[in-house]
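The listed protein sequences correspond, in order, to chains V and P.
For the first sequence, the working numbering assigns the number 7 to the initial residue and increments by one for each residue that follows.
For the second sequence, the working numbering assigns the number 14 to the initial residue and increments by one for each residue that follows.
Hint data in this document are derived by calculation from the structure and do not stem from the laboratory.
A portion of the hints provided could be inaccurate.
Unchecked claim - In the BS3-like style, the derived pairs of lysine-lysine whose C-alpha atoms are separated by at most 30 Å in a straight line are:
1) P:Lys111 <-> V:Lys150
2) P:Lys21 <-> P:Lys61
3) V:Lys150 <-> V:Lys85
4) V:Lys85 <-> P:Lys88
5) V:Lys150 <-> V:Lys8
6) P:Lys111 <-> P:Lys94
7) P:Lys133 <-> P:Lys21
8) P:Lys94 <-> P:Lys21
9) V:Lys85 <-> P:Lys50
10) P:Lys50 <-> P:Lys133
11) V:Lys85 <-> P:Lys133
12) P:Lys88 <-> P:Lys111
Every value quoted in this text rests on a predicted model; they were computed, and no experiment measured them.
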Amino acid sequence: MKRIPIVQGQFRVVDEPDVMITTVLGSCVAVCLHDCIARIGGMNHFLLAEPSPGNFTSQQDMQRYGIHAMELLINEMMKRGASRHHLRAHLYGGANIVAGLGNIGSTNAAFARRFVQTEGIGIGHCDLGGRHARRVEFRPYEGKARSAVVAESPPIAFQPRLFAATGDIELF
Amino acid sequence: MPAASAIKVMIVDDQVSMRAMIRRTLQDLGFRNMRDKGSATDALVAVKADRVHLIISDYNMPDMDGLQFLEAVRKDPVIGKTVFIMLTGSADRDVVQKAAALGVNNYVVKPFAAAALREKIERVFGELT
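Next up, chain P with everything else stripped away, as it sits in the complex (with noise of 0.2 Å):
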């Protein structure tokens, strides 16, 4: 059972305030080692530069979306076997297929409660302490 605690993780999206509601909701949960940017090429960049266990990444962002941010991650021979969850909208059923196809851990729907980012994680993880 890991420690949310060890676990790091980066969070992406492109709004400042869901970026904030995301740290808030994983301290919840136990976490404590975030970081957040607000563009995958930011993110990318971060990520290679300071290797993460867990990106939460919102699909839908300007320039650089949440699948091309996926497809990146996965292509990298450093970084490419890092935990990626994606955090959706509803109607973004082709969304979450692509993904599954280019390598992704999880997803979660938008709007999620904490519990339900919970199960996504502890899916990847085990249970988390």
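In isolation and in its complexed conformation, chain V is listed as follows (with noise of 0.2 Å):
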């Protein structure tokens, strides 16, 4: 079995046999969509839900939102062949797992369930919230999914931001 990892921010779609897509989460959502029909899945992983209103996020900063995410899925299963009409997801994550940073998970998980159903996309599998960090696995030609704490903290996928190559640099 190819087993194809993904992180925050990514997804992947697959339309053949003896495929598994794995994620591990945290505060983070990932939504895994399967088409019974066309046999096609996919899955993404998000960090926020959506921008606040006025909130002038730059595009960058856009990627890692959930409409965004769900968005890049959707339409990418639909040029696989699969139907809007056919999909059903199975939803994972949004645990709040540390003290002081809020119910980030919570907003994450409560989006997750508001965008399928106003989407009119069945549920399946449903394993949201909690305290604890989540293994995923999904086999997308299958349409099966499943889901394991973890005692691991999810990876962190924020891209440290580099020094402009310019000038000298102090080292201290």
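Two independent chains are provided; combine them into the complex using the hints.
In structure tokens:
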């Protein structure tokens, strides 16, 4: 079985058997979509739900939001032949792991539920909330998904900002 | 300087959530006169019946996509000159070129920030008040 790991901000769509998409989630959410007729499935992994009103976020930041992650996933699935009417979603993640970070996980979980309901997509397996990280495994061709609590923290996918390589840099 | 509140807008996207987000973004920019449709086919009928100043349409839609919609608008003798801004994915460079050939007024790459949408609208209408 071929395994495809994804991290925050990524998504994958697969239309062949013997492939598993995997990810590890904390407060992030992964939505697994499956079209049982076309036998196409895909999974995304997003950090935040949607920008707050009046938030003039940069384009780079916008890519972390679920609303765009969902669109990218649905568009790619439809491009491969899936039909919106046949989609079914499995939802995972949205844990509130770190005290003091507010309820990002709950907000993400609520967004994922609201999104699929608003778009008329049926919900299959749903494992959202809690206080622990999860590992998610999804077989996109078969549409089978499962999650398990893990002790490890999910990887941090933020890209560290680099100094511009101009002039001398004083290290201290 | 046109008032954003005076511009009649049609938003076209097959995702309910995306239409709602575009509406909220436009509302933050001062737009008040908005309507939306989930398909280009429905939007075409609607803008023929009730003309708008600005169409903001997604490219990636089932049935009639954004390019086909743009072409249909441009061919129409009544609504042919309606301002048309296309929303595209980052990998759709060829789509942008085709849209330019068909007479799109501007395009916005998804995901977009409110400032980016405002800038593209202002390039067509001038500074909004």
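Exercise for review: For the pair we were handed, Lys85 of chain V and Lys88 of chain P, check the Cα-Cα distance against 30 Å.
Suggested key: OK: Lys85 of chain V and Lys88 of chain P at ~27 Å, within 30 Å.
Check your understanding: Does Lys21 of chain P lie within 30 Å of Lys133 of chain P when you go C-alpha to C-alpha?
Key -> Cα-Cα ~16 Å, so holds.
Review point. Taking only the CA atoms, is the gap from Lys150 of chain V to Lys8 of chain V under or equal to 30 Å?
Key: 15 Å, holds
Point to revise | Agreement of Lys111 of chain P and Lys150 of chain V with the hint, judged by alpha carbon distance not exceeding 30 Å | key: 39 Å, violated
Review point. Is the hinted pair Lys111 of chain P and Lys94 of chain P satisfied, with a Cα-Cα distance of at most 30 Å?
Key: 17 Å, holds
Review point. Given the hinted pair Lys85 of chain V and Lys133 of chain P, is their alpha-carbon gap at most 30 Å?
Key: 27 Å, holds
**Study point:** Satisfaction of hint between Lys50 of chain P and Lys85 of chain V, Cα-Cα up to 30 Å
**Key:** Roughly 21 Å separates the two Cα atoms, so the pair holds.
Check your understanding: Taken at face value, is the distance from the CA of Lys85 of chain V to the CA of Lys150 of chain V at most 30 Å?
Key -> Cα-Cα ~21 Å, so holds.
Review point. Given the proposed pairing of Lys50 of chain P with Lys133 of chain P, does the C-alpha separation stay at or below 30 Å?
Key: 21 Å, holds
**Study point:** Pair hint Lys21 of chain P and Lys61 of chain P, alpha-carbon separation not exceeding 30 Å
**Key:** 13 Å, holds
Check your understanding: If you draw a straight line from the CA of Lys88 of chain P to the CA of Lys111 of chain P, is it 30 Å or shorter?
Key -> 15 Å, holds
Practice item. With a cut-off of 30 Å on the C-alpha distance, tell me whether Lys94 of chain P and Lys21 of chain P pass. Key: Holds, at roughly 14 Å.
Violated hint for the displayed structure: number 1, the only one.
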